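**Q** Quick mapping for you: the protein sequence lines, in order, are chains A and B.
Just so we're aligned, residue 1 is where the first sequence starts under this note's numbering, counting upward by one.
Just so we're aligned, residue 1 is where the second sequence starts under this note's numbering, counting upward by one.
In short, the hints are calculated from the structure, not lab data.
It should be emphasised that the depicted structure is a prediction, and the values quoted were computed from it without experimental measurement.
You may find that some hints are simply not true.
All copies of an identical chain are treated as equivalent in the list; a pair is satisfied when it fits inside any one copy or across any two copies.
Stated by the list, open to error - Distance condition first, Cα-Cα at most 27 angstroms in a straight line; then the derived DSS-like pairs of lysine-lysine: (1) Lys12 with Lys90; (2) Lys23 with Lys327; (3) Lys12 with Lys186; (4) Lys254 with Lys66; (5) Lys254 with Lys50; (6) Lys227 with Lys23; (7) Lys66 with Lys306; (8) Lys23 with Lys91; (9) Lys395 with Lys66; (10) Lys3 with Lys227; (11) Lys186 with Lys395; (12) Lys306 with Lys3; (13) Lys66 with Lys3; (14) Lys306 with Lys50.
2 protein chains.
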Amino acid sequence: MMKPNMHYADLKDSYLFFHIARKIRAYQDAHPDARLFRMGIGDVSLPLPKAVIDALHEAVDDQADKARFHGYMPEPGAPFLRETIAAHYKKRGVDVSPEEVFVSSGASDELGDLLDLFDRQNRALVIEPAYPAYVDANVIAGRRIIHLPSGEENGFLPEPYLEATAELIYICSPNNPTGAVFTREKLRRWIDFANDNGSVILFDAAYEAYIEDEALPHSIFELEGAKTCAIEVCSLSKTAGFTGTRLGYTIIPKALVRSGLSLNDMWVRNRTTKTNGVSYILQKGGAAVFTDEGQRQIRENIAVYKNNARVLTEALDRCGITYCGGKNAPYIWLRCPDGMGSWAFFDYLLNEIQVVGTPGEGFGACGEGYFRFSTFGSPADTEEAARRLVRLLRKG
Amino acid sequence: MMKPNMHYADLKDSYLFFHIARKIRAYQDAHPDARLFRMGIGDVSLPLPKAVIDALHEAVDDQADKARFHGYMPEPGAPFLRETIAAHYKKRGVDVSPEEVFVSSGASDELGDLLDLFDRQNRALVIEPAYPAYVDANVIAGRRIIHLPSGEENGFLPEPYLEATAELIYICSPNNPTGAVFTREKLRRWIDFANDNGSVILFDAAYEAYIEDEALPHSIFELEGAKTCAIEVCSLSKTAGFTGTRLGYTIIPKALVRSGLSLNDMWVRNRTTKTNGVSYILQKGGAAVFTDEGQRQIRENIAVYKNNARVLTEALDRCGITYCGGKNAPYIWLRCPDGMGSWAFFDYLLNEIQVVGTPGEGFGACGEGYFRFSTFGSPADTEEAARRLVRLLRKG
């Protein structure tokens with residue numbers, strides 16, 4: 001008798017965004033004419049930059065032409081894209097070889113697949129509040145989770161300590177949901193800790209393009225010692241609007257070796273066994289992001305989202321609400337006013353001003369009492385949401 | 001200390017097609033002017049059909065337009081594509097609901113990912129000769145493999161028997177590499193066997209579009225009882241030339257339940273945790289395959305490959321070489337003449353007539369002494385390869 005992977009039964013009943021969608025549906029059923037201002041799920045609203053669109057069209061035309069047609073792509077990624085991304089790192093002073101770059105279908109796909117590299121007895125340390133899939137993907141694999149809570153006292157950037165150690169360590173910086181960004185000094189402590197303990201850091205850099213403070217690291221590999229302890233998972237979703245188009249990349253240094261096995265070699269073998277490579281069309285579109293024109297265009301889009309962040313944080317300032325993020329990150333993490341719970345605040349904003357955010361509790365127990373706004377909405381919606389927040393929440 | 005997944009060390013040293021590539025490179029270095037006739041790896045040579053190209057361009061334009069832009073897609077697949085595929089099954093008299101259809105990035109990606117549904121203590125039965133990734137993906141997961149050899153005595157379509165039972169059963173029909181196709185009667189025995197033992201059949205239908213004999217099943221779900229024991233993995237790679245564009249789909253019936261868990265529910269949860277859905281652009285391109293125009297155009301391309309198969313099998317007939325496949329499948333599986341070994345025959349064809357095929361031994365031990373030709377090459381190359389085969393191998 002086939003036995004299913006019974007760890008699925010250990011997953012919590014359903015997913016954060018599913019709950020939110022259900023509550024929204026119920027509200028809309030009761031108020032069919034209401035207009036909602038969605039500052040909840042982190043999906044972009046601006047179309048793809050022109051450089052990407054042009055490259056996608058060209059790639060589609062290649063697939064229509066016998067002489068230019070591309071069949072199976074190399075499983076770890078097309079050489080043209082691996083080289084482009086390695087050159088992009090070099091511009092920032094980070095030495096990564098094309099063979100250390102793997103093309104993926106996006107960060108969330110990759111964060112799930114990568115777990116195949118690790119023994120199931122490894123524990124996974126998740127700094128919370130956190131993207132829920134870090135926990136769930138490890139629960140499915142039967143791994144023990146160490147929940148490391150963070151809070152205002154450490155700026156949501158906790159330090160490592162031996163009593164909460166694990167073989168796998170998730171670090172997301174800029175952070176989803178808190179918007180907190182690890183400084184070089186704070187990140188250095190985790191690198192030293194990982195090297196001392198033989199842990200591997202899964203560094204989620206999906207939001208690095210939102211960093212504006214030049215002192216903050218975009219890549220963990222800007223710091224010495226990271227190549228012997230870290231894998232960096234990157235995405236074009238928020239960088240270039242690829243949430244529905246899909247493309248990402250991952251850096252696995254050749255120097256990352258455990259028990260005599262090179263994790264880079266293992267990942268090559270994994271990809272050649274378990275995939276047939278990422279779509280040629282999408283890889284061509286992705287490469288266009290790294291051209292001068294592409295970089296200029298994504299900066300324009302990111303500036304729109306950054307202005308949304310400014311509009312929302314100014315509104316929160318006027319309301320006297322405590323928050324972090326929004327400056328070097330596309331998320332704003334706020335303390336619910338008057339000691340309200342996360343879901344109570346969700347219901348309050350939905351019912352009173354039709355503004356939808358994400359309850360902090362969905363990102364782990366220590367997120368209770370907090371709330372996340374994403375800055376990816378349209379400027380007009382964001383401005384109206386800000387006005388409504390001020391109207392509802394400004395004191396006195 | 002992080003412990004890697006040590007099962008990678010149990011994998012055989014390197015991959016079939018890597019060995020072939022190395023031998024070809026060595027030959028080309030020694031004979032820089034030689035022209036090779038590649039009947040080896042199963043990659044298509046014809047560009048995408050026009051209906052697909054048009055749909056891809058349209059989808060790219062959608063991504064350039066604020067009002068039509070698509071962000072995150074539903075993780076199990078876009079409703080428009082799930083419905084299209086369910087309707088396609090209905091045309092063949094197979095009742096599949098859209099919720100039983102999952103969109104994937106292709107069959108090989110899906111065959112790797114799906115293993116996440118199963119306990120690692122399950123054994124995997126692989127009918128050999130077989131696509132090497134069936135074995136390797138299970139070795140990576142630490143599963144025990146039951147190798148079930150097949151041969152000419154059973155037309156490469158072995159029957160189940162209790163001494164060789166397993167919780168997971170791989171069936172590929174039309175088969176890669178043998179080109180053998182399960183009849184309804186022979187497939188029925190495996191369905192009964194799986195239902196009797198609670199096994200789950202992973203039915204790889206990647207080559208179903210090549211079936212011309214109307215009595216042969218395209219889908220395992222054409223047979224009663226399959227919905228309680230089978231998952232069907234499909235691909236547009238060989239059906240519509242998507243090897244480098246990437247798209248597939250998978251049917252997981254709601255009736256497939258083990259230990260009280262619905263495998264369909266589990267897969268929804270897996271996809272929502274471990275992916276963010278498949279590219280909108282690719283899903284639009286895939287949907288065009290199922291339009292009347294798309295179906296007509298893929299038939300034209302498949303007819304080209306089928307003519308290649310006819311050219312090659314006629315040559316083998318003239319040489320008196322025993323083979324199967326090539327009629328309802330894009331692969332031809334032949335017995336190496338004069339008792340030659342697979343790799344010896346590979347070297348012989350490469351050195352004497354510059355024709356490249358795939359040594360049968362690469363598909364499992366029982367493939368030794370056999371050889372695979374793929375029919376996806378250009379008609380001109382295939383005809384020249386056929387002429388050379390006849391010149392080299394015709395007796396008397």
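**Q** Compare the structure with the hints numbered earlier in the document and write down the numbers of the violated ones, lowest to highest.
**A** Of the numbered hints, 1, 2, 3, 4, 5, 6, 8, 9, 11, 12 and 13 do not hold.
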